[in-house]
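A.B. asks: Order-wise, the sequence lines are chains P and W.
The opening residue of the first sequence carries number 10 in this note's numbering; numbering runs sequentially from there.
The opening residue of the second sequence carries number 188 in this note's numbering; numbering runs sequentially from there.
All the given hints hold, so there is nothing to weed out.
Derived coverage of chain P by chain W (criterion: at least 3 residues anywhere in the stretch with Cβ under 8 Å from a Cβ of chain W; other residues may be distant):
1. 31-39
2. 52-65
3. 75-85
Residues from chain W shown here face chain P by an in silico Cβ test under 7 Å; the list is partial:
4. Gly215
5. Tyr216
6. Gly233
7. Glu234
8. Gly235
9. Tyr238
10. Pro239
11. His242
12. Arg243
13. Glu246
14. Ala263
15. Lys264
Pair by pair, the computed Cβ-Cβ distance ranges are:
16. W:Asp228 <-> P:Glu86: 41 to 49 Å
17. P:Glu86 <-> W:Gln262: 20 to 28 Å
18. P:Arg77 <-> W:Gln262: 21 to 29 Å
19. W:Ala256 <-> P:Thr49: 22 to 30 Å
20. P:Ala85 <-> W:Gly198: 22 to 30 Å
21. P:Arg60 <-> W:Val290: 23 to 31 Å
22. W:Ala298 <-> P:Ala33: 54 to 62 Å
What the hints contain is simulated information worked out from the structure, not anything from laboratory work.
Idealized CB from N, CA, C, for every residue including glycine.
Now for the letters of each chain:
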Amino acid sequence: MPRWTRFRKLFGLEPKGDVEAELAFHVEMRVRELIEQGDTPEGARRRALERFGDYERARDACVAINERRRTRMDVAEFFTELRQDLGYAVRMMRRTPAFTAAALVTLALGIGANSAIFSVVHGVLLQSLPFRDAERLHHLQMLYPDGTKYDTLSAPDFMSVRAGQRVFEQVEAMDVRPLTMLGAGEPREVNAAIVSVGMLDMLGVKVAIGRAFAPEENQKGHAQVVVLSHGFWQRVFGGDPAVLGRTVTTAGNTYTIIGVTTTASSLPDPADAIFPLEFDDSYDATAQKGRRSEFLEVLARAKAGVGPEAVDADMKRIGAQLQKTFPQSNDGLTLASIPLRDLIVGDVRKPLLVLLGAVGFVLLVACANVANLLLARGSARHGELSVRSALGAGRARLIRQLVTESILLGLIGGTIGLAIAYLSTNALISARPADLPRIDDIRLDATVVWFTLGAALLTSLVFGLIPALQATNEHLLRGLQESGRSGGGGRTHRMRATLVVVEMALAVILLTGAGLFIRSFMALTEVDPGFQPGGAMTLRVSLQGADYANADQVRARVAQLMDRVRSLPGVTAVAVTSTLPLGGLGALNDFAVEGAPPPPPDVNAEIAVAGATPDYFTAIGTPLKRGRFFTELDQPKSPPVAVINEAAAKKWFPNQDPIGKRVLSGGPHEIVGIVGDVLQRTPGQPAAAQMFLPYTQRSSRTIRLVVSANGDPLALAPSVREQIRALDPNLPLAEAIPLTEMVSRSVARPRFYMSLLTLFAVVALALSATGIFGVMSYSVAQQSKEIGIRMALGARAADVLTAVVGRALTLAGLGVIVGVAAALALGGVIRSQLFGVTVFDPLTLAAVITVLMLSATLASLLPATRAARIDPVKAFRQ
Amino acid sequence: MSQGGPDILRGTLDLLILKALSWGPAHGYAVARWIEQATNDALAVGEGTLYPALHRLEERGWILATWGASENNRQAKFYELTRRGRTQLRAEDQNWRRYAAAVFAALDAPALD
Chain P
10 MPRWTRFRKL FGLEPKGDVE AELAFHVEMR VRELIEQGDT PEGARRRALE RFGDYERARD
70 ACVAINERRR TRMDVAEFFT ELRQDLGYAV RMMRRTPAFT AAALVTLALG IGANSAIFSV
130 VHGVLLQSLP FRDAERLHHL QMLYPDGTKY DTLSAPDFMS VRAGQRVFEQ VEAMDVRPLT
190 MLGAGEPREV NAAIVSVGML DMLGVKVAIG RAFAPEENQK GHAQVVVLSH GFWQRVFGGD
250 PAVLGRTVTT AGNTYTIIGV TTTASSLPDP ADAIFPLEFD DSYDATAQKG RRSEFLEVLA
310 RAKAGVGPEA VDADMKRIGA QLQKTFPQSN DGLTLASIPL RDLIVGDVRK PLLVLLGAVG
370 FVLLVACANV ANLLLARGSA RHGELSVRSA LGAGRARLIR QLVTESILLG LIGGTIGLAI
430 AYLSTNALIS ARPADLPRID DIRLDATVVW FTLGAALLTS LVFGLIPALQ ATNEHLLRGL
490 QESGRSGGGG RTHRMRATLV VVEMALAVIL LTGAGLFIRS FMALTEVDPG FQPGGAMTLR
550 VSLQGADYAN ADQVRARVAQ LMDRVRSLPG VTAVAVTSTL PLGGLGALND FAVEGAPPPP
610 PDVNAEIAVA GATPDYFTAI GTPLKRGRFF TELDQPKSPP VAVINEAAAK KWFPNQDPIG
670 KRVLSGGPHE IVGIVGDVLQ RTPGQPAAAQ MFLPYTQRSS RTIRLVVSAN GDPLALAPSV
730 REQIRALDPN LPLAEAIPLT EMVSRSVARP RFYMSLLTLF AVVALALSAT GIFGVMSYSV
790 AQQSKEIGIR MALGARAADV LTAVVGRALT LAGLGVIVGV AAALALGGVI RSQLFGVTVF
850 DPLTLAAVIT VLMLSATLAS LLPATRAARI DPVKAFRQ
Chain W
188 MSQGGPDILR GTLDLLILKA LSWGPAHGYA VARWIEQATN DALAVGEGTL YPALHRLEER
248 GWILATWGAS ENNRQAKFYE LTRRGRTQLR AEDQNWRRYA AAVFAALDAP ALD
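Bound conformation, chain W alone (with noise of 0.2 Å):
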């Protein structure tokens, strides 16, 4: 919930969202929870961003919104990912391990010589 920690990647919020959403629909606030707690809040995922990337996905297709009842009985808006959602998903997924790897192998790498 700090302030203090990098900001987040261009793309790498989008993933994140639709990791949230892999196990199920969930309303924008659960994401936000979701995405705070499993990042042990270490990421600044201000929900300034948080909103219009949500529905920056609904427009590609990737995740779909319906109006539902919220755990406390208030109308609110549940996103859930459609099946292309679930292939960008799996892309996404691969692709940021291929590229953090990449990225730890060269800082774990010796100077050249």
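Excised from the complex, chain P in its bound form (with noise of 0.2 Å):
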């Protein structure tokens, strides 16, 4: 016992009190000498004040100096007390290294999983976008009147939002493509962000070496200037400072470097280099042409202190304005707002803080474990805090020791955590897990490491608590004459069972959730897609440069390169389209049918339309419905043809014929033929209305090229970039892809959160197993002597085997009671995330409640045996 410790009853537990005495035992003193010098009593004792003078300024000094000595100690006491009881759990926790080591990896396991989890949402939605006032950015939509909103906006609707609006700093817009540049290396394909100038400065991306753009670089006649992302720079130019004033071509402009950004910038969209728009007669706020061209995507800052709802409204407003002055292009159509963030994140938000929810429910039921552990371990060392109780140990002293043990495990375990939340960030990151938007902000910052230390010290409290508490109960720590073996049997028996009915409760409710996940996703891949993906393979080519200056060129090249394919050993089919299947929509047009009256301003008037050569279907497996596929008959000059798919036949069509009627879509076309619909989007949507032009009639310069054949098309990838290559080394090829690589990336986000929610039900299942096993193990150990009497009075092993599965089953059946209940009641949560299947699934239900009922059977299984194999002989003796 430190030396100090025997003063601190000498204050008592007021030192104001015990100066007082002392002082006041002093003037006492004083008087009884002066009276015994001849003083009168009220004499002496003025006399007594007087010589001492300042009494009160006297006590304060004495009791300020003992108050401060009396923290001092407390100090001292607490950081004394802590290194006693983390002396004494690390010597527990050597003490027990299979309950040591089954915690740290729980409590690991538990800490890591959330970390990683959290990290990804913090880098995803919580971090502020890598923009300058991030939080103020706007992207501004056109809303259909069909609910449909687009990104992006026409030219002359940009500019008269920038001359209306009265909520925004800076109105900006950017047009994101890919360009062939010529004069960087190789020729190559490029992301090109074609931008008005002021969008460097709003979002706050700088040049690192060379100028930005100058305000009139805008204007027509001076956009001959690019600058260059750094990536790009380093990737294609080494990092070379002498690039400024050197030029690139593309598209057969030639654009003087005049800039190269620095690494923290970037764009919403991925861009290699950033060209200012060259803003022609169409970027005019009066103009009525190009109303309806909509290629821009508006980015705009919000005056401080104004917020979305306001932008949104202004907006609106703007929109109405617009219908009123050009009714002919605005009719029906608005603006609307979304802040840049949700854009960005929006759909992934939701999904993402439900894994969040789910891997805390996994981190519950690892604490439920841990405590388990602890209630256990603490029945075993009743006698051990009996004997401390009886030595003096108050109760709240006994519940600090053992939550400081609880602390520490929670730590050593947050810090395996946080180990492992570092490696499965990592791997996450790099398996590029369906392009999950701002991957690359994903990492383990410091924001984690004090995520993951308050996840671990919360985690302690909520194990160490109930434990500690049972064990310290007052009844446990009466005296020292109960046995150790059976102290408070009851009492702490209870409450692991209800503990492992929790961690039932909650590992059917992550089931639960896995379950619907897994359902869903296998209704998704279920679903039609109105192709064949199986034997075919796919490849992107740009025609771009002086070669292909006009659509006759394009064309010419794009049947010489088919003709060199097909001529390919195992090739069945060669096609070319402009939009691949699951590949979005593509280009939207309006349509209108010939004749028919205008449909309401409620429809949407526009059809998908995509360009493809006669053998497309044919490449991709899709049939023919009615009429016929286009042919080499189709030529650019010959009628203009169209196959429509099933979609756009009923909606347009609907109990009519299409075949031989004539549509208007950018020009009149006599459709020829109905296909079946083709997926375009994802699984979970379905097909749009959609037109197919021949690509002689509407030719793109880039190209899908898609390539069927017998046996892995992807072996021919080879030999078809040879061939292309021998037509024009200048191309710039994309890797090819087997088609079903499409349909897999349709669905690799749900299949994402699909395999993340099944990996925590697992280990949420693993670990009540755990649970029950020893809950079970305990009370079998606890109750082998009355389970000798009843074999000895005649139970066969068989009733005991039965009797304790039994109770792991009633233990089971009561979590699943309540996981049940609480997963209907939380199934709100993710339905928009499930696709063909509903909250209330009985199959899914029917299927947790087995496994749930199973795994608790099999964790008790060990325990019944051994109970069945008690010997009453050997049971009586103990």
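Two chains, two frames, some hints: make the complex.
C.D. replies: This is the structure:
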């Protein structure tokens, strides 16, 4: 015991009283002395006080000294006790290595999984976007009467917003598209951002070398400059500062490199090169023409203090104005805005939060499990705690000691968890799941470390406090005479049983969630995409540069290219399209049936348009329903024809035969065929109305070559590339992918969410099964005497076995009841993430209940067998 | 007991308290009385400074306090020297003697020449 604890008692609880007693004694002694010298009592008292001087000041000075000393002693005492407790905790951990390992593994998994998911949530959702005043940036949208929102505006509408808005400091536009660049090593396809010059400043994009755009560089004739991104500069020019002043060529125009951005700079869309937009005549707030040619992403920074609602309201106001001023083009359309962050991460927010919640449940299960272990050990330590209590340690002191042990466990577990989180986060990032937005912003930074520390501490309290309270319960500590083994068995056991029920319930919730995600993922993969991806591969080719100045040159080259590929052995069909299945809607054009009355304004008069060569549908394996495919006779100058999908036929020609009908969409076309629906977006979204035009009549520079073959289509990729290179070595080629890749990409996100949730559910199940195992083993050990008696009285081994398993199943059953109720109550949270399955899915619930009951049975089998093997004679002797 | 003496020098009071306790445990009043008598009441040691000084010495760990019964059977706080306090007393004693000797030597020294 440290020296100063002896002094503590001197002060009692109150230093002031102590000092006053001391000083009063002094004054009293002085008075007595004065009286002895012949003074009157009153006089003596007066003189004694007079002699003393400033009584209150002296007293306060003494009290202040004592209080200071006491605080210091309290702190010292705290640390001494902490050192004792820690030393004790370390000894305990060493003495019970199995317990320690089990607890640490459980905690490390629970905390590690939480930190990993938190680092994803933090990187993607919480951290602000890497732009200046990112919270004030908004993205403008066109809102069509049928409720569809498009993320691009036309040039005149952009200028109208610029001129008429009241809520923004700055409104800028950007056109992002792939371009072929010459003059930067070999010809390559680059992601180009073509921007209004203020965009860079608005987003906080800075140049590391050279200069940014000058204000006049959006004007016609000035736009012959380019700023390279830092990454592109490093990758292609090896970070050579001499690139400034050099030129690159795209689409026949030459651009001078004037600057390179800093590493920290980025645009919302990844861009290799940034060009200024050339403001032609359509960039006019008063122009009527070109209002429905929507290709600009418009971003704007709101004035300080103006919220999203006010911004959206102002856009609606401008939209209404435009409807009035330009009824031909803008009737029924309005403008809307969405905070840039929501646009980027909007559709992953909810599933990520669901995952965070799920992994939180896993941590709770881990806590319950460790609490269970601690409760079991608490019973084993009952004797030791009784001794310490008898030696004068108060309950608070014992609880503190036990909680210190828990916190030490939690912190070590958290440290291992951090390592797990680091590894799994890195694995997650390098796996690039499901083009998760902002995936490069995910990292294990200080915030995540703090989160982990907080989680570890909180966890320690959660799992440590109940066992500590339980173990130091007055009843348990009363007297040493009780035999250590049976100390407080009943209460502790009830507590442990409750924890197991809670674990089971949490596992049920997670299993149900995982089950629903699995079912919905299976439903997604079972959706017929409308094509047979099996035997085909695809490759993107961009035909740009001086050799492809006009459409005839492009078409001629595409025809040559297809001929060469067709001649390769094993090739069964070769086709070209502008838009792949599951590759998005592609171009959207206005659509009308010739002679039909205009549709009501709430019908979206748009159709997805794609160019395709005659063999396209053969190559992707989509059936012709009526009419004909395109043929070699559909040439640029021959009558314009079109093939529509069934969705379009249903939408525009209900109860009619579309074949032979003429439709207007950027010119008249005659419908010659109907093909089956091919999904364009994801399996969860139905096929939209789509119209195919012969590639010869709708040619594009960027084409997707589709090659179907006998056997593995990807085996053909090298020879296909060779053929293309032989035609034109300057063509940039993207990587060839099997068409099946389009299918798996389309369900990549659901698969990602499903995999993680399933992993969590399995961990929770394993932990709760361990929990059941622990509780049953303990209770069998506790009741071995009782079981022995029953066996001596004639109970058979099978009866004992059934009884133990039955107890486990009762606990599991309670967990199932609570868990199913909670799962159904929580179902609404994931409803929007599900496809083809409802929250109340009997199959999932049945599977979950079966799995849980089965694992409870398995977990209790070992303790049950042990119980059945109890030898009555030995049990009595114990 | 007069108020007229010179003010006690800083540090000197600590030395006198340590000396007062060097013969054994004593309460604050006894310490005050001993200083009065030993100095023939020439130094003005007010209780207002004595008690904070006692507590300060206790804080430094030079003396140690315990409640005990006084000579007239009242509860009083007794102070005693700790081992560190005793060491401190020896050091202070020597310091003070050297200091005083130096000052005396200076006072008795002849004028500058």
